[in-house]
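Position in the sequence shown (from 1) plus 21 gives the number in the working numbering.
Hints in this document: simulated from the structure, not taken from any laboratory. Hints may contain errors.
[Said to hold, decoys possible] Here are the computed distance ranges between Cβ atoms for each label pair:
1) E97 x S128: 19 to 27 Å
2) A331 x D114: 33 to 41 Å
3) A331 x A277: 18 to 26 Å
4) V276 x P137: 48 to 56 Å
[What the hints assert, rightly or not] Computed list of lysine-lysine pairs in DSS-like fashion (alpha-carbon distance at most 30 Å, straight line):
5) K93 x K51
6) K201 x K285
7) K285 x K210
8) K285 x K51
Glycine included, C-beta positions come from ideal geometry on N, C-alpha and C.
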Amino acid sequence: MLSLLRHVTPSCYGGRRSIATLISGNATSKLVRERLKKEVDKMKTSEFRPSLVVLQVGSREDSNLYISSKMKAAAEVGIDASHVRLPNTSTQDEVLRTIMSINEDASVHGLIVQLPLDSVHTIDMELITNAVSPLKDVDGLSCINAGKLSRGDLNNCFIPCTPNGCMELIRQTGVSVAGKHAVVVGRSKIVGAPMHDLLLWHHATVTTCHSKTPNLPEQVGRADILVVGAGRAEMVHGDWLKEGAVVIDCGINHVADETKASGKRVVGDVHYGSASQRAGYITPVPGGVGPMTVAMLMQNTVLSAQHFLANLDDKDSQ
Numbered sequence: 022m023l024s025l026l027r028h029v030t031p032s033c034y035g036g037r038r039s040i041a042t043l044i045s046g047n048a049t050s051k052l053v054r055e056r057l058k059k060e061v062d063k064m065k066t067s068e069f070r071p072s073l074v075v076l077q078v079g080s081r082e083d084s085n086l087y088i089s090s091k092m093k094a095a096a097e098v099g100i101d102a103s104h105v106r107l108p109n110t111s112t113q114d115e116v117l118r119t120i121m122s123i124n125e126d127a128s129v130h131g132l133i134v135q136l137p138l139d140s141v142h143t144i145d146m147e148l149i150t151n152a153v154s155p156l157k158d159v160d161g162l163s164c165i166n167a168g169k170l171s172r173g174d175l176n177n178c179f180i181p182c183t184p185n186g187c188m189e190l191i192r193q194t195g196v197s198v199a200g201k202h203a204v205v206v207g208r209s210k211i212v213g214a215p216m217h218d219l220l221l222w223h224h225a226t227v228t229t230c231h232s233k234t235p236n237l238p239e240q241v242g243r244a245d246i247l248v249v250g251a252g253r254a255e256m257v258h259g260d261w262l263k264e265g266a267v268v269i270d271c272g273i274n275h276v277a278d279e280t281k282a283s284g285k286r287v288v289g290d291v292h293y294g295s296a297s298q299r300a301g302y303i304t305p306v307p308g309g310v311g312p313m314t315v316a317m318l319m320q321n322t323v324l325s326a327q328h329f330l331a332n333l334d335d336k337d338s339q
């Protein structure tokens, strides 16, 4: 566990107000990558090393940036990573054929499909993500891995990277999830829904909020642990929070800012300035959940390679 200290500062009322401890995704992801590098070094031989394929359709600028960070992290850990880019004229069948080919390649241990799919043709995203072999689905998005997670079979599935990273950040605070009231804002298949499942199977009482939830501030105010992945800039205000809550902000939003050369800045789904005055622990944006998502992708790839080697050993011993 990282050594985390809470700071206090005088409040405008003449008393003293707690300032939330920052949960650094940059620092935590560095620790994860260092651990994974040691594990990869133990596995690597002249004939074997973990391998990851990132499949992209089209060439969206934001996707290119995300892929670049994944390739960089893989190189740092010692994973062989390759980027397969299909043109934006690719049809659904062409994408499926590429996935099937990678599924059948025994030298590849992890396959992720970079979303969104940037094609001029209509492509069923669910069909594509479910076509990835569950044994190589290091994004944890296939219905098989999602189903196992929802049933609590955590040791026999790949857990989606962002929720898994959130759990690691919560662990860094030293706050036990068991017995706590957790609130998840957002119910996406990538973040909100699997986050609910993870917290539940770690013995929290979990409330999931979404666009149809009435009295959202009241629901948020009950949270000992709050995870926000709604995709709305700074929607959660500090005065909504329970004093001392753990706040994990999964949001990545761009808002106008004339002081920046780009004319915009990145903010989360939580209003950091006010929330940091009330929370016990809080993740920054950027530098919080984002780096952990990439680190957990590397962790899943290493796990997949370890499973592959274990299966080889089992076959050799028969």
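Item to check | Supplied distance hint 48 to 56 Å, evaluated on CB atoms of V276 and P137 | outcome: 21 Å Cβ-Cβ, so the 48 to 56 Å window is violated.
Next on the checklist: Against the 30 Å threshold, does the CA-CA distance of K285 and K51 hold or violate the hint?
Outcome noted: Within the cut-off at roughly 28 Å; holds.
Item to check | Range agreement (Cβ of D114 with Cβ of A331, hint 33 to 41 Å) | outcome: holds, 34 Å
Next on the checklist: Holds or violated: the 18 to 26 Å window for the beta-carbon distance between A331 and A277?
Outcome noted: violated, 51 Å
Checklist entry - Is it true that the CA of K285 sits at most 30 Å from the CA of K210? => result Answer holds: K285 to K210 is near 28 Å, not above 30 Å.
Checklist entry - For the pair E97 and S128, does the Cβ-Cβ distance stay inside 19 to 27 Å? => result Taking Cβ atoms as reference, E97 and S128 lie about 21 Å apart, which means the hint holds.
Next on the checklist: Please verify whether K201 and K285 have alpha carbons no more than 30 Å apart.
Outcome noted: Violated, at about 37 Å.
Item to check | Hinted pair K93 and K51, Cα distance within 30 Å | outcome: holds, 13 Å
Consistency note: the structure conflicts with the earlier hints numbered 3, 4, 6.
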